[in-house]
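*Asks:* Take the sequences, apply the hints, and build the full model.
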Amino acid sequence: KSLKSIILSLMLVWVSTLSTLGNSNPVDDLKKESLLVSFKPLSENHKALISVKNLSQSKVSLNIIDAQGILVYSKEITDATNYYIEKYNFSKLEYGKYTLEILNKDLLVTQNFRITKDGNFLMEKQTSIPVLVPIINFTEGKLMVRMMHQISKSGSLVISTESGKVVYQEIIEGESSYGKILNLEKLKKGNYLFSISVGEKDFTKVITL
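So the number in the working numbering is just where the residue sits in the sequence shown, counting from 1, plus 19.
Because the hints were derived from the structure by calculation, they are not lab data.
Incorrect hints may appear among the rest.
For each label pair, taking beta carbons as the anchor points, the in silico distance ranges come out as [stated by the list, open to error]:
(1) L112 - I200: 20 to 26 Å
(2) M163 - S80: 14 to 20 Å
(3) K184 - S77: 31 to 37 Å
(4) K116 - I200: 34 to 40 Å
(5) T180 - E159: 19 to 25 Å
(6) K184 - S110: 29 to 35 Å
(7) M142 - Y102: 19 to 25 Å
(8) I155 - S57: 25 to 31 Å
Dumping the calculated DMTMM-like pairs for lysine to aspartate or glutamate here, alpha-carbon to alpha-carbon at most 25 Å [stated by the list, open to error]:
(9) K224 - E181
(10) K208 - E192
(11) K220 - E159
(12) K78 - D221
(13) K144 - E159
(14) K136 - E159
(15) K199 - E159
(16) K220 - E143
(17) K144 - E120
(18) K224 - E189
(19) K144 - E189
Backbone N, C-alpha and C define an ideal beta-carbon position, used for all residues, glycine too.
*Replies:* Given below as structure tokens:
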């Protein structure tokens with residue numbers, strides 16, 4: 020082959036590779052199709068179908084928070100496909116106002132709803148916002164935290180007990196990336212709230228020791 024034909028072949032391979040990578044980029048897919056969350060009450064009291072469409076990754080976090088901001092239910096789905104649906108029984112929750120949170124990749128959808136005294140549901144406002152999603156790995160009492168390209172502004176990292184007592188706090192300066200390993204072995208067994216706030220973005224996760 021001539022030098023010209025070899026260079027042309029290499030260019031075609033390079034363009035093809037870029038095209039393939041672009042088509043598989045979950046961020047691009049997220050821009051094409053928004054995350055759709057449906058909360059559908061059933062004829063049975065206290066029961067509803069929760070469905071999520073257009074997932075950008077298989078991991079989905081589902082939280083239910085009461086009017087006082089207390090987490091009353093939390094579940095992580097790790098094997099979801101593009102579509103997730105499940106029936107939920109809310110009979111153990113008292114009547115009042117709640118918020119359903121669905122987190123998939125870096126998008127959070129919140130659905131406000133009320134449970135009436137007779138076990139029916141009243142749907143209220145639904146919002147969708149981009150959120151701060153650090154990479155967290157917790158093993159053998161050590162918590163590894165990593166964030167990439169998400170902390171252009173200063174922020175804070177806080178670990179607190181369920182009662183609100185702060186056991187660790189750190190100021191995060193604005194930088195291109197952040198990484199740290201925190202040793203939690205000396206803390207008592209129980210649930211702790213891990214929170215990161217950067218600018219207007221917040222991330223919260225329950226950690227069980």
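*Asks:* If a hint holds in the structure, say so; if it does not, say that too.
*Replies:* Hint check:
1. A hinted range of 20 to 26 Å is violated for the C-beta pair L112 and I200, which are about 37 Å apart.
2. Checked against the hint of 14 to 20 Å, the pair M163 and S80 passes, with Cβ atoms roughly 18 Å apart.
3. Range check, K184 to S77: about 35 Å between beta-carbon atoms, so the 31 to 37 Å window is met.
4. Between K116 and I200 the beta carbon distance is about 39 Å. The supplied range of 34 to 40 Å therefore holds.
5. Between T180 and E159 the CB atoms are about 21 Å apart, so this pair conforms to the stated range of 19 to 25 Å.
6. Taking 29 to 35 Å as the suggested C-beta distance range, the pair K184 and S110 conforms, at roughly 32 Å.
7. The hint said 19 to 25 Å for the Cβ distance between M142 and Y102, and at roughly 21 Å that hint holds.
8. At about 28 Å, the CB distance of I155 to S57 agrees with the hint of 25 to 31 Å.
9. With a C-alpha separation of about 12 Å, the suggested pair K224 and E181 falls inside the 25 Å cut-off, and the hint holds.
10. For the given pair, K208 sits about 30 Å from E192 by alpha-carbon distance, which is inconsistent with the 25 Å threshold.
11. Pair hint K220 plus E159 does not hold up; C-alpha atoms about 29 Å apart against a cutoff of 25 Å.
12. A distance of roughly 19 Å separates the Cα atoms of K78 and D221; the hinted pair therefore holds under the 25 Å criterion.
13. Our distance criterion of 25 Å between C-alpha atoms is broken by K144 and E159, whose separation comes to about 40 Å.
14. Restraint check for K136 and E159: not satisfied, since their Cα atoms lie roughly 44 Å apart, outside the 25 Å limit.
15. Among the hinted pairs, K199 with E159 is consistent with the structure: their alpha-carbon atoms are about 15 Å apart, no more than 25 Å.
16. Proximity of K220 to E143 is assessed by CA-CA distance (about 23 Å); at most 25 Å being required, the pair is judged to hold.
17. Taken as a hint, the K144 and E120 pair is honoured in the structure, with Cα atoms around 12 Å apart against an allowance of 25 Å.
18. In summary, the hint linking K224 to E189 is supported, as the alpha carbons are separated by about 16 Å, within the 25 Å threshold.
19. Pair hint K144 plus E189 does not hold up; C-alpha atoms about 34 Å apart against a cutoff of 25 Å.
Consistency note: the structure conflicts with the earlier hints numbered 1, 10, 11, 13, 14 and 19.
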